[in-house]
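Those sequence lines, one after another, are chains S and L. In the working numbering, each residue carries its 1-based index in the first sequence increased by 149. In the working numbering, each residue carries its 1-based index in the second sequence increased by 78.
Possibly wrong hints are sitting among the right ones.
[To be verified] Listed next, with one range per pair, are the computed distances between beta-carbon atoms: (1) S:F204 - L:A97: 17 to 27 Å; (2) S:R243 - L:V141: 34 to 44 Å; (3) L:A250 - S:D187: 19 to 29 Å; (4) S:L171 - L:L113: 27 to 37 Å; (5) L:A115 - S:A211: 44 to 54 Å.
Calculated from the structure, these hints are not laboratory results. Ideal Cβ placement from N, Cα and C applies to all residues, glycine included.
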Amino acid sequence: MKIRTWGILAAVVLLTVLPLWLVNAPPGGEGMFGGSDDAARAAIGTVAPGYRPWFAPVIEPASAEIASLLFALQAAAGAGVIGYWLGLSVARERARRDVAAPSQDRRAD
Amino acid sequence: MHIMEGFLPPAHALGWTAAAAPFLAWGLHAMGRSLRAHPERRMLLGVAAAFAFLLSALKLPSVTGSCSHPTGVGLGALLFGPAAMVPVGFVVLLFQALLLAHGGITTLGANVFSMAIVGPFVSYGVFRAGAALGLSRSIAVFLAACLGDLATYVTTSAQLALAFPDAVGGFATSFFKFAGIFALTQVPIAISEGLLTVLVVNAMARFNAHELRALPVMAARTRETA
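This is chain S alone, in the form it adopts within the complex (with noise of 0.2 Å):
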């Protein structure tokens, strides 16, 4: 069990580190590993020119670091409950092992 969740975590970095080795830049030196809603937006420019958004956003973030911030903090939102989460349940279940074996080895693991 043990095993198979460190060989999970291990694939699921693999599959983000490989494609930062495995593909090659584009001729053109363009900026790699934009995100993939831009290359969308410039694939609407070819296929329909004469398109122009109706509507703009109604904030932008001042700069990308702003947005970097505000998606760090919604990162951190998510991360710090499931923290909170595996940390109470560990936490319940060594305090249940503790009632049913008192003087056991106290490693929950």
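Guided by the hints, dock chain L onto chain S, whose structure is given.
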């Protein structure tokens, strides 16, 4: 999968909003009923929502040389049914549209439809099918989350192709063009999402067996695996 602000013609923007609204109302109703009947599920619903928040904030590199993000809504769909994930996905997309200029208000309906409706419903359907076929829980969860994630991006491609059909080849040509951007990029990311969802479900099965008992993910007769 975010269609950017203003990048759907008004008729399409309205149409997708009208299509998504009843699902949102149904989802709110279903979520409220589930929590009233089982207050002990609040924690797990919070975890499912947090998972969607976390994953949809992570833009990961992919083999096509561009970045995209997982959706994280498959987990909640398996736990609480697909309708419960509509409000969760809506909140995520609203946050990103309002504060991040990522997606938009005019395209919110279309984005909710792909990420918060099609994704969860496909995940749920795949999971039930996998369970009916006798797959182990881990495999069924993996396939459900992975294919639900992909389905979201295929939906976005179809939405854009509907709005912007190719002058020569029409919908199909345009669809393959957008799918080449979204769906192809998404393949390794969808696999990652599937794997992460398996991890969380395994942890829940271990720590929250009591709360999970009555939920779809456990009610389906999948084989238990260690």
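Against the structure, the hints:
1. S:F204 - L:A97: 17 to 27 Å: Cβ of F204 (chain S) to Cβ of A97 (chain L): about 19 Å, so the range 17 to 27 Å holds.
2. S:R243 - L:V141: 34 to 44 Å: holds (42 Å)
3. L:A250 - S:D187: 19 to 29 Å: holds (24 Å)
4. S:L171 - L:L113: 27 to 37 Å: Hint violated: Cβ distance 45 Å, outside 27 to 37 Å.
5. L:A115 - S:A211: 44 to 54 Å: Holds: the Cβ-Cβ distance is about 45 Å, inside 44 to 54 Å.
In this structure, only the earlier hint numbered 4 is contradicted, and the remaining ones agree with it.
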